[in-house]
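Novice: Spelled out, the chains give:
Number of protein chains: 2
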Amino acid sequence: MPELENICRKARKSALLLACASSADKNQWLLAMAKALEENTATILAANRIDLEKGAAKGLSGAMLDRLRLDEKRVKGMADALRYVTTLPDPVGEELSSFTREDGLLIKKVSVPVGVMGFIYESRPNVTTDAASLCLKSGNAVILRGGSEAFASNCAIGDIVIAAAEKAGMPEGAVTLIRDTSHETVNALLKMDQYIDLIIPRGGERLIRTVVKESTIPVIKHYKGVCHLYVDKEADIPMALAILENGKFQRPGVCNALETILIHEDIASQFVPEMKKLFAEKGLKKVYGSEKYCSMDENAQMIPEENYSNEYLDTIISAKIVSSAEEAVDHINFYGSGHSDSIVTANGRTAEYFQNYVDSATVYWNASTRFTDGGEFGMGAEIGISTDKLHARGPMGLKELTTYKYKIYGNGQIRK
Amino acid sequence: MPELENICRKARKSALLLACASSADKNQWLLAMAKALEENTATILAANRIDLEKGAAKGLSGAMLDRLRLDEKRVKGMADALRYVTTLPDPVGEELSSFTREDGLLIKKVSVPVGVMGFIYESRPNVTTDAASLCLKSGNAVILRGGSEAFASNCAIGDIVIAAAEKAGMPEGAVTLIRDTSHETVNALLKMDQYIDLIIPRGGERLIRTVVKESTIPVIKHYKGVCHLYVDKEADIPMALAILENGKFQRPGVCNALETILIHEDIASQFVPEMKKLFAEKGLKKVYGSEKYCSMDENAQMIPEENYSNEYLDTIISAKIVSSAEEAVDHINFYGSGHSDSIVTANGRTAEYFQNYVDSATVYWNASTRFTDGGEFGMGAEIGISTDKLHARGPMGLKELTTYKYKIYGNGQIRK
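Chains as they are written, first to last, in my numbering: chain B, 1 to 416; chain V, 1 to 416.
Here chain B stands alone, though its shape is the one from the complex:
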């Protein structure tokens, strides 16, 4: 695909320029994008109507159509998000460490952009500007490939912001939108390892598995969030209930919501009746329980083992009675997704054990898993959450879009 290779080659070339661009310049490009978005709201909304009509004709669900829908307020929100990114500190050029050898050679480890990002995403058109802004601010070139449902919206947004930023001096190829949503093209893109340094997919598990399978480029991803709350025998019961309510009911469709509750057998007879009240009050759709749990809750249905790995994305929960913190940890490490898990206990040693041995990106003591988010973690912005262990783990902000190089300063040193 010579056209695609040409896009990648241009992105690579611009990445070398972007790596050395000043913060002031990068911010100017983002402000130009924000202004252009607002000035061209009508064009964007017209394109969005095409996507909405096609989506309705294709029978997309109400939730899908809502994710796709733009209005003046949402376009304004996209522009404001671009302006907000200009206020964040530039992650490039930070001296991470330095070391001076006895022979005077100075070795500095300095943060630099990764290079060229490939960003593959589904239906929300605002991801187009969110991803572009975070990649640019961190000095990376980005190739955007949105989903077919938002094709017209993404093209309109892409055309507008790219033209505005290039007019403001952004190098050509720094941001590119692939105007082709075929599988062949995305598969070819995922093989461009000569030009692209990192692929970030954002969407459902199916999209992400396909990307991982096809890509010869490193991918940072999370498949799903199977998050656990372990109610220890020394738990404060009202606290555990509040954390459960927050984790399961506040926004059940997100990755840091709870899917499984593990309850120590010594506290179960006190805790389970309170939990049942909460479930009834909040209208939980279903609870799948272990044998022992089912003996304590007449509404529970016996859980098929595979459900312990389920991300319900709904007000459905898996519940299990365990006989120790060790059993809880083993369960989480076996069935969990390495995303976010929490223990409620008054015992600091049990909490320490749990935080050390649970092999997840974020491990909470007496707090809700819902905090796993770049914004909540003080990163300013989030480009995704990684359940991988290499390069970035947990919420990814601007800093996670950088790598480092060593700059070494000598006056003629040679190795003995």
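Simulated from the structure, these hints should not be mistaken for lab results. Take these hints with a grain of salt, some might be off.
Since the list gives no way to pick one copy over another, a pair counts as held whenever it fits inside one copy or between any two copies.
Stated by the list, open to error - Cut-off 25 Å, straight-line C-alpha distance, at most; resulting in silico cross-link-like pairs (DSS-like, lysine-lysine):
| # | residue 1 | residue 2 |
| --- | --- | --- |
| 1 | LYS416 | LYS76 |
| 2 | LYS73 | LYS276 |
| 3 | LYS76 | LYS35 |
| 4 | LYS221 | LYS191 |
| 5 | LYS282 | LYS76 |
| 6 | LYS224 | LYS108 |
| 7 | LYS73 | LYS416 |
| 8 | LYS167 | LYS10 |
With chain B held as given, fit chain V onto it using these hints.
Specialist: The following block gives chain V in isolation, referenced to the frame of chain B:
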């Protein structure tokens, strides 16, 4: 392959224990390994003789046989290297950053081991203990798969050190040696992404390309080191000659040796005659030159373009006359391998430009590329050099074998 899967499962299980092992325990295991190596030198040398005889019968080169050969001094060296690793700081448990939210939630980012390493290497038997020690010290389980040439040596070393460390309390499965050097087994190992977190191959380019192609597990690698020296128009000529001599002749077979020299046209008429003298004196085997270079050196042979990407691993060099620092940078970014490149110049702005725009792991100003090495960089030890950009770039020490997790401390916080 049920047996292989069993090995991987045990490694995964032990990794959870290793992650929380104390520095004192880990050091005890390493000291027990060192002692056992020395006490069993005769057994190791007997096994090594089998490999040497087979190697000689197979017609391995003298250099290959030398890499394979062990003697008392080399075994003592392996034991000393194990003892040395005990003196290095433990990279696990470091608080990398922390953030307290307004609601009092404390978010700590803490270094933790990556988990399970797969280490695939070629003929030097000492890599068995080097890799095991660095993985263990950083709290990782490791599955070792050495080359067939060193099979008997690796098995003897592995048996001795694993038994000694397990006797000293190391969890079973923390270090495993695969006793099967078939391609089928290594290919199956490279698919065990449920159990293994990271593959580090160490050997020739062919081995590494095969590993990358087959692996569904992230790989940190370097294919080759095509390192450049750019002699700027404002270079100090004696300094440039000293750095060239060090880079090309001190150890031409290593990855941080020089392969290409780029010379600014304004200094070429002064520099090239001196360089020719150096080449004659040091017995350079061959110089491949650009057209312009060839017009200045009657010994040079016109360079085929593909040679600019060659890692000669010998006293052979590529030479090119360039008209600017920009041309030098473009050449390096196009033909280089992202490993180590150096500029000699008295002009700080030219050096800064070069260090910013050359997209390599280590970029030197007025110093030899031969310093790219974990030991020389003050890392204490080196497990390899990465020309990848993600997770680790440049020399990799103990710290590069860790990742991080977030430990979060609350008192009932929920997300609003």
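Novice: Against each hint, give a clear statement of whether it holds in the structure.
Specialist: Hints, verified against the model:
For the homomeric pair LYS416 and LYS76, the shortest alpha-carbon distance between copies (24 Å) is at most 25 Å, but the shortest distance inside one copy (62 Å) is not. Proximity of LYS73 and LYS276 under a CA criterion of 25 Å is satisfied in neither setting, with 40 Å inside one chain copy and 70 Å between copies. Only within a single protomer do LYS76 and LYS35 lie at most 25 Å apart by alpha-carbon distance; the minimum there is 10 Å, versus 69 Å between protomers. Within a single copy, LYS221 and LYS191 get their C-alpha atoms as close as 17 Å, and across copies as close as 18 Å, so both meet the 25 Å cut-off.
For the identical chains of this complex, LYS282 and LYS76 are neighbours neither inside a copy (34 Å) nor across copies (68 Å), given an alpha-carbon limit of 25 Å. For the identical chains of this complex, LYS224 and LYS108 are inter-copy neighbours only, at 23 Å across copies versus 38 Å inside a copy, given an alpha-carbon limit of 25 Å. Proximity of LYS73 and LYS416 under a CA criterion of 25 Å is satisfied inter-copy only: 23 Å between copies versus 65 Å inside one chain copy. Within a single copy, LYS167 and LYS10 get their C-alpha atoms as close as 17 Å, which meets the 25 Å cut-off; across copies the closest is 58 Å, which misses it.
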